[in-house]
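Novice: The lines below spell out each chain.
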Amino acid sequence: EPEVTQTPSHQVTQMGQEVILRCVPISNHLYFYWYRQILGQKVEFLVSFYNNEISEKSEIFDDQFSVERPDGSNFTLKIRSTKLEDSAMYFCASSLGGTRAQPQHFGDGTRLSIL
Amino acid sequence: DAKTTQPPSMDCAEGRAANLPCNHSTISGNEYVYWYRQIHSQGPQYIIHGLKNNETNEMASLIITEDRKSSTLILPHATLRDTAVYYCIVRVVTNAGKSTFGDGTTLTVKP
Numbered sequence: 001e002p003e004v005t006q007t008p009s010h011q012v013t014q015m016g017q018e019v020i021l022r023c024v025p026i027s028n029h030l031y032f033y034w035y036r037q038i039l040g041q042k043v044e045f046l047v048s049f050y051n052n053e054i055s056e057k058s059e060i061f062d063d064q065f066s067v068e069r070p071d072g073s074n075f076t077l078k079i080r081s082t083k084l085e086d087s088a089m090y091f092c093a094s095s096l097g098g099t100r101a102q103p104q105h106f107g108d109g110t111r112l113s114i115l
Numbered sequence: 001d002a003k004t005t006q007p008p009s010m011d012c013a014e015g016r017a018a019n020l021p022c023n024h025s026t027i028s029g030n031e032y033v034y035w036y037r038q039i040h041s042q043g044p045q046y047i048i049h050g051l052k053n054n055e056t057n058e059m060a061s062l063i064i065t066e067d068r069k070s071s072t073l074i075l076p077h078a079t080l081r082d083t084a085v086y087y088c089i090v091r092v093v094t095n096a097g098k099s100t101f102g103d104g105t106t107l108t109v110k111p
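Residue numbers (our numbering), protein chains in the order written: chain A, 1 to 115; chain B, 1 to 111.
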């Protein structure tokens, strides 16, 4: 069964450095998302993306965050200047769209550790 | 999106049916009910979803009450591998619509 893949599985970065998290959504999906989960807390929505534009973003998704679909397969989340509080699991998701009620399918995440 | 209420934890004996309830009394007519689970910090795994009719797939069954104010996810023969946090999510169905996760129910399947 097709799945969302994320790389790397674990990223360790110094505070203040830029980090790029990568995702390969399911190939025929059209809607893409990023979520994060701080250890012991709920899964939180960050941003949704369709047709090369942000559709919706949460208040967490400030100017330090950006998303991009640089080619036909990858979907990336960039954090420009990381902070300690950015340490979390980051999950990418995609959905088919086109037909109502299509579920989102999630990758297994990237664990981001900021030192 | 409508708020959901789930019990924080439940136990189930291996091989028995696990029935996980969810209350969504403020659900709107254009909101679907989705169930996901998360096994030990892996990504949320989609299980099933529905609008008002009962649904069944290879993983589970979803029973939605006639007034749509509550639903039950049924795992017919729970195994130890079904131990996970189960999330009931009510979501307005726009294609780019976000999923709002609550605290979910931690289901522990015991031998």
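These aren't lab readings, by the way, just hints derived from the structure by calculation. Hints are not guaranteed to be accurate.
Once the Cα atoms are required to be at most 27 Å apart in a straight line, the calculated DSSO-like pairs of lysine-lysine come out as [to be verified]: (1) A:57 with A:83; (2) A:57 with B:110; (3) B:3 with A:57; (4) A:57 with A:42; (5) B:69 with B:52; (6) A:42 with B:110; (7) A:42 with A:78; (8) A:57 with A:78; (9) B:3 with A:42; (10) B:52 with B:3; (11) A:83 with A:42; (12) B:110 with B:52.
Every beta carbon over 12 Å from chain B, so not counted as near; a handful from chain A, in silico [stated by the list, open to error]: (13) 12; (14) 14; (15) 43; (16) 48; (17) 62; (18) 65; (19) 81; (20) 93; (21) 97; (22) 115.
None of the values given here were measured: they were computed from a predicted structure. Cβ atoms here follow ideal geometry from the backbone N, Cα and C, with glycine treated the same way.
Novice: Quick one: work out the minimum CB distance from residue 93 of chain A to chain B and report holds if it exceeds 12 Å, violated otherwise.
Specialist: violated (8 Å)
Novice: Going straight from one Cα to the other, do residue 57 of chain A and residue 110 of chain B come out at no more than 27 Å?
Specialist: Status violated; Cα separation ~40 Å.
Novice: Classify the label on residue 81 of chain A as holds or violated, using whether its beta-carbon is more than 12 Å from each beta-carbon of chain B.
Specialist: holds (25 Å)
Novice: Is it correct that the beta-carbon of residue 14 of chain A has no partner in chain B closer than or equal to 12 Å?
Specialist: holds (24 Å)
Novice: Regarding the pair residue 3 of chain B and residue 42 of chain A, is the alpha-carbon distance no greater than 27 Å?
Specialist: holds (14 Å)
Novice: Can you confirm whether the C-alpha distance between residue 110 of chain B and residue 52 of chain B stays at or below 27 Å?
Specialist: Violated - the C-alpha atoms of residue 52 of chain B and residue 110 of chain B are around 32 Å apart, more than 27 Å.
Novice: Just want to verify: residue 97 of chain A was marked as not at the interface with chain B; is every Cβ pair farther apart than 12 Å?
Specialist: violated (4 Å)
Novice: Mind checking the alpha carbons of residue 42 of chain A and residue 110 of chain B for me, to see if they're no more than 27 Å apart?
Specialist: holds (25 Å)
Novice: Please verify whether residue 3 of chain B and residue 57 of chain A have alpha carbons no more than 27 Å apart.
Specialist: holds (19 Å)
Novice: When you check the alpha-carbon spacing of residue 42 of chain A and residue 78 of chain A, does it fall within 27 Å?
Specialist: Cα-Cα ~21 Å, so holds.
Novice: Please verify whether residue 83 of chain A and residue 42 of chain A have alpha carbons no more than 27 Å apart.
Specialist: holds (19 Å)
Novice: If you draw a straight line from the CA of residue 57 of chain A to the CA of residue 83 of chain A, is it 27 Å or shorter?
Specialist: holds (19 Å)
The structure does not agree with the numbered hints 2, 12, 15, 16, 20, 21 stated previously, though it agrees with the rest.
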